[in-house]
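Engineer: What follows is each chain in one-letter form.
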Amino acid sequence: MSTTSDDPLNLTLAEAARAIRTREVSPVELVRGCLARIEAHDDGLRAWITVCDEEALDAARSAEREVRSGARSKPLLGVPIALKDNIATRGLRTTAGSKILSDWIPDEDATVVARLREAGAIILGKLNLHEFAWGGTSDNPHYGTVRNPWNPDRFPGGSSGGSGVAVAARMCFGALGTDTGGSIRLPSAINGITGIRPTYGRVSNHGIVPLAWSMDTAGPMARTSEDCAVLFDVIAGHDPRDPTTANRAAPPCVPTLRGSLRGLRIGVIPGYFFHHLQPDVESAVRRALSAFEELGAVIVDVPIENIHGNISAQLTIESAEPSTYHQRWLRERPQDYGADVRTLLEVGELMLATHYLQAQRYRTLLREEFLQAFRNVDAFVCPTLPFTATPVGATTVRIEGDVEESMLSAIMQFTGVASLTGLPAMSVPCGFDSEGLPVGMQLIGRPFEESLLFRMAAEYQGVTDFHRRAPDLATRGASKAPPGRPD
Amino acid sequence: MSDSAKTSPGATAFRGLLAASGLDLSEDRAQAAAEVLAAWIPACLELNEKMGAPTRRTLVPITVLAHASAAQ
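Taken in order, these protein sequences are the chains called A and B.
So in the numbering used here, spot 481 of the first sequence is number 481, and the numbers just go up one at a time.
So in the numbering used here, spot 35 of the second sequence is number 35, and the numbers just go up one at a time.
Covered stretches of chain B (in silico footprint by chain A; criterion: 3 or more residues with CB under 8 Å from a CB of chain A, positions within the stretch not fixed): (1) 26 to 39; (2) 42 to 51; (3) 56 to 62.
Sample of chain A residues facing chain B (criterion: CB under 7 Å; computed from the structure): (4) E346; (5) Q360; (6) R363.
Everything labelled a hint here was simulated from the structure, so no lab data went into it.
From the three backbone atoms N, C-alpha and C, an ideal C-beta is built for every residue, glycine too.
So that you can see chain A by itself, here it is in the shape it has in the complex:
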C-alpha cells in the first residue's frame, strides 16, 4: 500500500489540522487511513507496540462532532498522533520497550499527554523504542526490531526509533519522542523527518519513564518544522508536577515561524563539526549551509576549545544515572533485560563517583563556552550524526576507511553537545546519500530560543523539498515480516 499525492496521509500535521477545521477532511477518514497503513506495513517495520484502533476511532467520531458544532479552537483537533512507549498513558499499557514494565497500566497521563488530549489530538497508539530508551538502534528484543522505511535492512536509529519510522512511513501525523543523548534527533535524521529536543526544562518529564534525569527531555517529531512547532506550543511550559521545568513563559512559536534570516549568524565549530564523517553527510550539510547563506545568513567559524571530552562525559552520565534508577530491578530481575541494556546497566554501576562528577563539572565548562559563543552567533549548524543508516543488528560502524567503531559512541558524536549543555537542538532533513538514505542536519540554539530554530528550519524547508519526500514502502518490501522477529 503506497500513498498518492492526493492521499490525505501525505498532508503534514499542520495541513491536516487546517483541513479538519475547514472540513475538507474528517478525523475519521484520517484515523482509518493511518490504521490501514499500520495494518499494511507494521508487520515489517515494527514501529508500534500498541495500536488503539477502537479508542482512536471513537475519539475521531467525537472530534468530528466537535468540528460540526463549530468548536474549532483546539490546535490539534482530530489529528492522529502517537507516543513513544515510555510516556505514561492513563489506562493504556506503557512498557518503555521493556519486559519489566510489560504489564504496567498507568493511572494517569504524563503531563505532555494530558496537554495533547486537551488540544484535541487523537492518540493512535504507543511506539516501539530501544529498551528503556537506553540505546540508539531500537533493536528491541521484546517487541521486535524496528526497521527503516527507506530500506528495511537498515536500522532506524533510536532510542525513539518507532516514532521516527511511524512519522516517516505516514502511519501518523506526528509523534512524541524523548531525548537524553540524541534519541529524538538521531531517528529524525535517519528516517528523514524533523524533530526537536527542546531546552532542558522547557517540557515536563512528569509521567515519563526516566533514563538519565539530568538530561532527559521530551519533544516533537513530525514531517516539518511547522508541525513540530504546533506540537511544541501545546506541550511546552512550566509544570508544577515536574520541578525541573523552568517557571517562565513559553510564548507560542507558530506565529513567528516565518521570517527573514538576513544577518543571522550561524556558527560552525572548526575541526569538529566537519571532521570524521561520511562524505555524503558532509556534502549534504555543507549544501544546507550554502542554502542558509542564500537566505541571508552569515557562516562564522567559532572554536569551542573544550569540545573534545563531550562523548566521554555523555557516556559516563548516561550510564551512571540509568543504573541508579534500575538498581533494584537489575538485582531482582536481571534476566528480564535485553543483553545490551543489561550490560550497560551493569557498567553504569561500576562507574566511579569521581568520574561522574567530573563529567558533570565538564558540562558546566562546556555550557559556559557555548553561552559565551552565543554572544557572537545566533545558532550552530552541524550534521546530526556522522553516518547514514547502518545495517540492522550492527553494533559497530565504519565512518572513515576500514576502522570499525563502537556504534554507541559514534552515534552521539554531534548530539551529545546539546544534551550536556541543555541547549535546544533540532534535526532537519537536508539530503540523501548515494543509497537513497536520509541525511539530517542539526541546529543548536540559545536556551529557550526554540522559536529561532523553528524559523531557521521553516525558511530552509521553504526552499528545499527533502522533508516532503516519502519512502516507497510498496517497493521496499516493508510489509513483509523479516525472519527471526519475536512473536
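Following the hints, complete the assembly by docking chain B onto the known chain A.
Structural biologist: Chain B alone, transformed into the frame defined by chain A:
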C-alpha cells in the same frame, strides 16, 4: 578472563569494584562489563585530567542545587 588476567592487579581492582557495587555477576557478564569499561575509562581519565586543571577549580558540577531565581 584467562587465568593470568584473573590474577592481574587490574582484575583484582575490578573484582573489588564489583564487590563494592553489590552486583553478583557471572564470569561472562563480568567480562562483558570489563570490556566496556576498558574502552571507556581512558577517556574518563583524560577528562579527569582536563577538569583537574588549576584554572577550572571553581567549576561546580551541573547537579548542584540551583535556586529558581538564580537559574533563570
